[in-house]
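A.B. asks: Here's the letter readout for the chains.
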Amino acid sequence: MAIEMVRIDDRLIHGQVVAGWCPVIHPDHLILCDDDIASSDWECQLYKDAALDYETSILTVAETAELLQGPTLDSQKVFIVVASPRTVIRLLDRGLQLSRVVVGGMHFQPGKRRINDFIFIDDDDLKSFALLLQRGVALEAKDVPTCKAIDLAALLGLK
Amino acid sequence: MIGCLLLSHGSVAQALLDASRKIVGEWPNVYAFDCDQVAANLLYEKIARLIESENLQDGLFILVCLRGGTCWNVAARISRDFQKVAVISGVNLSILLSFITKHTKFDFNELAAVLIEDGRRAISQLPPSGE
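Protein sequences appear in the order of chains D and Y.
If you count the first sequence from 1, position 82 lands on 82 in our numbering, and the numbers rise without skipping.
If you count the second sequence from 1, position 9 lands on 168 in our numbering, and the numbers rise without skipping.
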């Protein structure tokens, strides 16, 4: 199995993912990893509809870690979408090895400060990113395929 | 009154509204929002406030640019939570003009079918393929 991309994007499966990235990555399997969404049939159906024809699984963190460390997806290209850096930490805690995470969208909410046009964070997000760096995960900011990759660690002052 | 909310990425929604004003004039029950930068839950709240503050008890059509996109996702949640809200994806100017010129002539359910039919009929090719 090849994890082609792990993307942090609070919009999860949406236009940038389906129309933007999927035709570039050509994933055999798209995984939306989110405990809350995986527990709601309505949400699962909504995001499966949004993924159009791409093979999609909507899984909890535990299920995602198990699937990715088992043989089921051998020889498949996998594209993983999560809403928050905290989800990535939880995947690492369950044994998943990741070298790079792409931050594609963390949108404005009250209490969050602007990093660039598509990244708004609070102190908790910053701590999570620092932890990911400590654990050897490179952080890249890139919303759409034509966007130049930005070194997020530098942008956040974590270097 | 039945209302119409254009909801899009970029300035598509506002541009469609501007274009329609040049063709059929200004209508008080047509609104345009974009879904960029702000988090999805804030967009949901903005639409919920619109429904509650405007006189839209006869229904609301949310016309979104892209099926599967964030606008569509948020509109689907509004449709789940409010009575008489329908979401139509793949908005084009013809659907909007159809809404403006026909919304007083049909009830909500009939109008949904009319808008989709008019929107589909607007997509055509010249010269016809094969000629």
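Simulated from the structure, these hints should not be mistaken for lab results.
Incorrect hints may appear among the rest.
Just the calculated beta-carbon pair ranges, DEER-fashion [said to hold, decoys possible]:
hint: 1; chain 1: Y; residue 1: K181; chain 2: D; residue 2: D74; range: 54 to 60 Å
hint: 2; chain 1: D; residue 1: P23; chain 2: Y; residue 2: T263; range: 40 to 46 Å
hint: 3; chain 1: Y; residue 1: L201; chain 2: D; residue 2: A154; range: 26 to 32 Å
hint: 4; chain 1: Y; residue 1: S170; chain 2: D; residue 2: G70; range: 26 to 32 Å
hint: 5; chain 1: Y; residue 1: R208; chain 2: D; residue 2: C147; range: 41 to 47 Å
hint: 6; chain 1: Y; residue 1: P187; chain 2: D; residue 2: R94; range: 52 to 58 Å
hint: 7; chain 1: D; residue 1: D53; chain 2: Y; residue 2: N200; range: 27 to 33 Å
Calculated cross-link-like contacts (lysine-lysine; reagent style DSSO-like; alpha-carbon spacing at most 27 Å) [unchecked claim]:
hint: 8; chain 1: D; residue 1: K127; chain 2: D; residue 2: K142
hint: 9; chain 1: D; residue 1: K159; chain 2: D; residue 2: K148
hint: 10; chain 1: D; residue 1: K48; chain 2: Y; residue 2: K243
hint: 11; chain 1: Y; residue 1: K243; chain 2: Y; residue 2: K261
hint: 12; chain 1: Y; residue 1: K205; chain 2: D; residue 2: K48
hint: 13; chain 1: D; residue 1: K112; chain 2: Y; residue 2: K205
hint: 14; chain 1: D; residue 1: K142; chain 2: D; residue 2: K159
Using N, Cα and C, we set each Cβ at its ideal position, and we do this for glycine too.
A.B. asks: Determine for every hint whether it applies to the structure shown.
C.D. replies: Status of each hint after checking the structure:
About 57 Å separates the C-beta atoms of Y/K181 and D/D74, a value consistent with the hinted range of 54 to 60 Å. A C-beta distance of roughly 42 Å is found between D/P23 and Y/T263, which places it inside the suggested range of 40 to 46 Å. The given range of 26 to 32 Å is respected by Y/L201 and D/A154, whose C-beta atoms sit roughly 29 Å from each other. A hinted range of 26 to 32 Å is violated for the C-beta pair Y/S170 and D/G70, which are about 46 Å apart.
Remark: the range hint 41 to 47 Å for Y/R208 to D/C147 is contradicted by a beta-carbon distance near 33 Å. Between Y/P187 and D/R94, the C-beta spacing of about 54 Å keeps the proposed range 52 to 58 Å intact. Between D/D53 and Y/N200 the beta carbon distance is about 28 Å. The supplied range of 27 to 33 Å therefore holds. Proposed proximity of D/K127 and D/K142 is supported: the alpha carbons are some 20 Å apart, at most 27 Å.
With a C-alpha separation of about 19 Å, the suggested pair D/K159 and D/K148 falls inside the 27 Å cut-off, and the hint holds. For the hint pairing D/K48 with Y/K243, the CA-to-CA distance comes to about 24 Å; that is within 27 Å, so the pair holds. A threshold of 27 Å between alpha carbons decides the hint, and for Y/K243 with Y/K261 the separation of about 17 Å falls inside it, so the pair holds. As the CA atoms of Y/K205 and D/K48 are separated by approximately 25 Å, the hinted pair is consistent with the 27 Å bound.
A threshold of 27 Å between alpha carbons decides the hint, and for D/K112 with Y/K205 the separation of about 19 Å falls inside it, so the pair holds. Distance hint between D/K142 and D/K159 is fulfilled; the C-alpha atoms sit about 18 Å from each other, no more than 27 Å.
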